[in-house]
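Trainee: The primary structure of each chain is shown beneath.
Protein chains: 2
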Amino acid sequence: MFEKLYSERIKKTPSSFIREILKVTQKPEIISFAGGLPNPISFPQEELKVSMNRIAEKYGAKIYQYSTTVGLDILREYIVERYKKLWNMDITIDNVIITTGSQQALDLIAKVFINENDKVMVEKPSYLGLLQAFCMYDADFIQTKLNEDGLDIEELKNTIKTHKPKLAYLIPNFQNPTGLTYSKENREAVFEVIKDEDMILIQDDPYGELRFEGDRIPYIGLNQTNKNIYLGSFSKIVTPGMRLGYAIADKEIIKMLETAKQASDLHSNIFGQYLIADYLQNNDLDKHIEKIKKLYKTQANAMILAMEEFFPKNVKFTYPKGGMFTWVTLPAEKSAIKLFEKAIAKNVAFVPGDPFYVNTQNVNTLRLNYTNADSETIKEGISRLADAMNEA
Amino acid sequence: MFEKLYSERIKKTPSSFIREILKVTQKPEIISFAGGLPNPISFPQEELKVSMNRIAEKYGAKIYQYSTTVGLDILREYIVERYKKLWNMDITIDNVIITTGSQQALDLIAKVFINENDKVMVEKPSYLGLLQAFCMYDADFIQTKLNEDGLDIEELKNTIKTHKPKLAYLIPNFQNPTGLTYSKENREAVFEVIKDEDMILIQDDPYGELRFEGDRIPYIGLNQTNKNIYLGSFSKIVTPGMRLGYAIADKEIIKMLETAKQASDLHSNIFGQYLIADYLQNNDLDKHIEKIKKLYKTQANAMILAMEEFFPKNVKFTYPKGGMFTWVTLPAEKSAIKLFEKAIAKNVAFVPGDPFYVNTQNVNTLRLNYTNADSETIKEGISRLADAMNEA
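From first to last, the protein sequence lines stand for chains P and D. Going by the numbering used here, 370 is the number at position 382 of the first sequence; the sequence numbering is gapless. Going by the numbering used here, 33 is the number at position 45 of the second sequence; the sequence numbering is gapless.
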């Protein structure tokens, strides 16, 4: 109705594919592996209730008033201490900004760095939310192939040489959508290729704390460059509902993100910042995370066992070492969207791979989430999906 | 350090003038009229504490989980009922989107409507946060003079004819920064001029509920067009810290804002949405607002009386009928920024008018906030400010 008035950017943004899918999958008889919801076990409900009453007593009106754009100092201090401990990072709170979820960090980074048609390198496949966020600023995406052990180094070299991207966006741990993790060797090889480039590397790490197999691997270029931006989030380890994430970067970049954030929402909800900070100060986060990891490992294993048992032998899938997803590859000639229709008829749902690619359609890949169903339901759902595959 | 990499938009965004000022004014000996903070009396702390414990019992994990982009249904329903009651609007929840503060609504509107160099009409002076938000999308601003009773109709006609703006942004009630309110006649005259134009009219109304004098006046073009976007906020009547505002508009526009919001922060914090909804369902908002209005009226009167008593006679100011601000006009040759320096030396602060104008510097106007100091402090501060004026 207002077609003439809309911006070019919004006209070319497709309404979310996943959202349309989620509408179909909300019927109670459907077993859905389509979402990306953390299991409610990851919400420490009793402890948060204690914290909310404590902050109301302790801070009074402050938890309801306007606050600073960059975020609450005590929360930023917690993040600084954690990253110092985990990664020996030489940072202060001036290197940290609190964002309205990691998704907002993506929007702010786009505001600060992207001019129309600027080249941005992403994985193939990449996180849908990043593609949507940067699309709003007319980024020109180049996708570099993701292998079992990380980025394809030859393709990366070509991409860097040919396109000279200004930004790169990677998810090195338990990637969304594939569940893959970059090996130590691959991270080092990636850094060798990019270290002298005039390029900002964004490493988005919402799932890094959820490693249920193997040891933590340092970020690409960790403590060796000031051109890295690290994104983190409380969504998968405390609560997504508060919409609290953060970016860690050079102070100058944080200042620019702060200016962009002021124009975007003034600041993130301060009640939530006090609540999460108080929870972190008064509870053992690592112990809490152990509980989540134990559950997710069980669920991941249930899905893997069922896929090994039921899937046709020409169907491949990834073995995640953490996080929330596995990625299934059908034989080359098959279409995940066609499979989706058959699967829905059998009351099981997933996300076809299409929205994770730029300019590629009718792919033979699909994403499965395992964190929001118990092992028995997972087995039943995978069995139904295998039936749909056998029919297709 | 990363100059080559930053976007054009962020390079031309000045770091917030007001923020720089607020840094200077944070010394405890300074009486500051520079901020825009609601008085903490407007936070119903006890009732919110009851509500937070109740929602934890009633909704469990839902208050912590991911949620819908468009916002919580029960909160949108409350807004629908209130606007139906107040303004007889023919709307459903499909006409309402919850945003991360009104500031985010501005960012989303820009995403949906603004192409580079699109013309946007704003008041002269206008809200700084709007100028910052739209500047990020390269809007071309045209400022139309604001008189005592609303927009200057002759200038408006010229602006519309010459520039054909795609968007107009107005604050019809107790405008920020001037404290002025459009009269009924002026609103009707504005609508006569714009009603047949292909233009979206944004009416931002964060202070509308805080009228302490006279009767409510209907919005411009109320119930006569589908090209209006109404913005509202819980910041000034319940709590700003939760960052919850909303936009009311045609369903098609809400859909577009929803797509833009998904790319911006997925959704606004859901805990806060449940909390505010529960508070509104279980308390008498109008009774609560009466308390705030009574206080603000006392404070506004204290400032007006003090200005009448102390200010030099060639200094003019507005008489607000609600809201949080008054606007002072010095004699034509005087500079508010120079006065600011003298005022700081006398331990009183305000916001010089400069950041509220586009391409105009060294103006003779300034903004005073009266909601965050008691009457005695207000009198003392205005007396100091008058001393600074007499010196200048």
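Honestly, the hints are just simulated from the structure, not real lab data. Careful, some of the hints might be misleading.
Stated by the list, open to error - Residues from chain P that face chain D, not an exhaustive set, calculated with beta carbons under 8 Å:
1) Pro28
2) Asn103
3) Thr227
4) Gly229
Positions of the beta carbon are idealized from the N, C-alpha and C atoms, including for glycine.
Trainee: Should the interface hint for Gly229 (chain P) be scored as holding, given a Cβ-Cβ cut-off of 8 Å against chain D?
Mentor: This hint holds: Gly229 (chain P) lies near chain D, its Cβ roughly 4 Å from the closest one there, short of 8 Å.
Trainee: Should the hint that Asn103 (chain P) touches chain D count as held when the rule is a Cβ pair under 8 Å?
Mentor: Interface hint status for Asn103 (chain P): holds (5 Å vs cutoff 8 Å).
Trainee: May I ask you to test the interface hint for Thr227 (chain P) with respect to chain D, counting a Cβ-Cβ separation under 8 Å as satisfied?
Mentor: holds (4 Å)
Trainee: Given Pro28 (chain P) was flagged as interface, is its beta-carbon under 8 Å from a beta-carbon of chain D?
Mentor: holds (4 Å)
Against the hints set out earlier in the document, no violation occurs for any number.
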